[in-house]
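K.L.:
The residues making up each chain are set out below.
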Amino acid sequence: MFLGQPLFSILELIKKKEVSSKEVFDYFLKRIEKYNPKLNAFLTVNKSYRTDRMRLPIAVKDNFCTKGIRTTASSKVLENFIPPYESTVTRRLIDARAFILGKTNMDAWAHGSSTETSDFGPTKNPWDLARCPGGSSGGSAAAVSSYLVPAAIGSETAGSIRQPAAWSGVIGLKPTYGRVSRYGLIAMASSLDCPGPLTLTTEDAAFILKIIAGKDKFDATTAPNEVPDYVASLKKKKKFIIGITDEYLNGVDGEIKEAFYKLVEILEKLGHKIKKIKLLSPKYSISVYTIIQRAEVSSNLARYDGIRYGNDRTFFGSEAKRRIMLGTYVLSYGYYDAYYKKAQKVRTLIIEDFKKVFQKVDMILAPTTPIAALKLGEFEKYPFFGEMMDVLNEPAAIAGLCAINFPFSLTKKDNLPIGLQLMGRWFEEENILNLTYQIEKETDFLGVIRKGVKKYPD
Amino acid sequence: MKKKSLTRDEIIHLAKLAGLSLTDSQIEKYKTQLEETISYIENLNELETKNVDPTSHTTLLTNVYFNDGEKNERALDLPAIFQNAKNKEKNYFKVSSIFDE
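For the protein sequence lines, the chains are A and B, in the order given. In terms of this note's numbering, the first sequence has 292 at position 292, counting the first letter as 1, and numbering is strictly consecutive. Going from the second sequence to this note's numbering is simple: count from 1 and add 1000.
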């Protein structure tokens, strides 16, 4: 009936009264019931249709507090937690007439890049059920890719929107830090966490960002910068100077590099300028991220004592414990300067490095992941348990930049999506969205998104 | 890469600080994994940072204040506060005692 229709088109259909809000709700509920047992993308499905006022069917990652709807962060610690308040992101969506179809699976506490650390079982990659969808917003990515819902909200600390979007073959936008409120988002690393949309089209990403972005009196770290009309500005035919760097191609799979260079050619043909740049090696970002994120994790997870809500600390899974332990180590007496302070200093170097480069280029193009989706269980084989899968995402996250993943071709051998990303200056979501839109209009992302949806007929 | 090593006692101490209880095999596992991670992050010492200020905030916001006397709209009412508590009495959370009688 609507198969593959983006959120924006569904909204138009409801507005024109070609379909009713209830029909849309029933349609997606039916698809979720049909395919979720196989994919495990949803942890909670919201089956109660409330009012015809609702027009935007959407899924939300299970780390956003939704008043009255169970919110677990995929951890047994919060197995039965019913939030007494609404997160700002879901509040703004509901005010914009969204209905939340369900809460999506993720790595427990967002710790991971595969959804395998979820206490409720992994989500499967819709392109190959034996593989990971990526993570931590893996449930959201898989739900959109298989069209169980036309759009979903995820959150990224360093890669958790872009990496699952890349592996599942959808668009994933990580806004600038502070662009979108963190109020009611179960905190992982507070100086890095960013909510953002996963969608089938650039227009939907712009549309959702416009709804959720902006200053929030409940989150002091939100920026006062005005929220532009991201949708309207897509249509401007802007020309950009785009930076590319060898540092982000080292160790990247051959087919992904091929896709990258193919896009470089197309961008030049469209009249954009490509410029070679030099950036600090992303390997330092891994270290900075590891220290800062673990430190903030150990502090944020200290609140889970089982007294006011949730279960006690014996319910933490193995990954959460490992991160709390390391965070406690780098913050402990005698080590603070050597690790935490050093990491915050190198973070300054990384920010300065980007600032310098952004004087010469408008944005940076790079692959999102070094390889396509791993098989379930394969992460264990890699050192750092998959931290390396986010090596290309961590620098922009540490610097607080905005960045967007979009699919661009499939691997020949396994027919898996390849993701590329654009990283933009602080608060220049408009520009990275604008160029992604140009790429979409010119190439249709080589048909990847449509092929993904087609795998899951009504 | 020079391997950093941690002792079993250090792991037990960290777990105690973090309020986590670990089994014997977990202690061994985390010891190995933490050593691996700590050895990797040593690469930051390749970068000179003597005259670099640590980052406090990535988008450079400063001094966001709550105005005196302003209503705190984030505050929850009592039923909401206790809604998820397993063990309460009147308007108090009940916890195990921490002092001996």
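Hints in this document: simulated from the structure, not taken from any laboratory. C-beta atoms are modelled at their ideal positions from N, C-alpha and C, and glycine is treated no differently. Just so you know, not all the hints are guaranteed correct.
To be verified - Here are a few chain A residues that sit away from chain B, every Cβ distance over 10 Å (derived from the structure):
(1) Y309
(2) S318
(3) I324
(4) R450
(5) D458
What the hints assert, rightly or not - So the derived label-pair ranges between C-beta atoms look like this:
(6) A/S299 x B/V1095: 18 to 26 Å
(7) B/E1046 x A/Q359: 19 to 27 Å
(8) B/P1054 x A/R97: 53 to 61 Å
(9) A/L129 x B/E1046: 19 to 27 Å
Stated by the list, open to error - Listed below are the simulated DSS-like cross-link pairs for lysine-lysine, each with C-alpha atoms no more than 27 Å apart in a straight line:
(10) B/K1016 x A/K355
(11) A/K276 x A/K237
(12) A/K76 x B/K1050
K.L.:
With reference to the structure, classify each hint as holding or not holding.
P.N.:
Hints, verified against the model:
1. Y309: The claim breaks: A/Y309 does not keep its Cβ more than 10 Å from every Cβ of chain B (closest is about 3 Å).
2. S318: 8 Å, violated
3. I324: Violated: least Cβ distance 5 Å, not greater than 10 Å.
4. R450: It holds; A/R450 is separated from chain B by about 36 Å at its closest Cβ, greater than 10 Å.
5. D458: Given a closest Cβ separation of 39 Å, the condition holds.
6. A/S299 x B/V1095: 18 to 26 Å: 21 Å, holds
7. B/E1046 x A/Q359: 19 to 27 Å: At roughly 25 Å between Cβ atoms, A/Q359 and B/E1046 fall inside 19 to 27 Å, so the hint holds.
8. B/P1054 x A/R97: 53 to 61 Å: 44 Å, violated
9. A/L129 x B/E1046: 19 to 27 Å: Since the Cβ atoms of A/L129 and B/E1046 sit about 42 Å apart, the hinted range of 19 to 27 Å is violated.
10. B/K1016 x A/K355: 42 Å, violated
11. A/K276 x A/K237: Holds - the C-alpha atoms of A/K237 and A/K276 are around 23 Å apart, at most 27 Å.
12. A/K76 x B/K1050: 44 Å, violated
The structure does not agree with the numbered hints 1, 2, 3, 8, 9, 10 and 12 stated previously, though it agrees with the rest.
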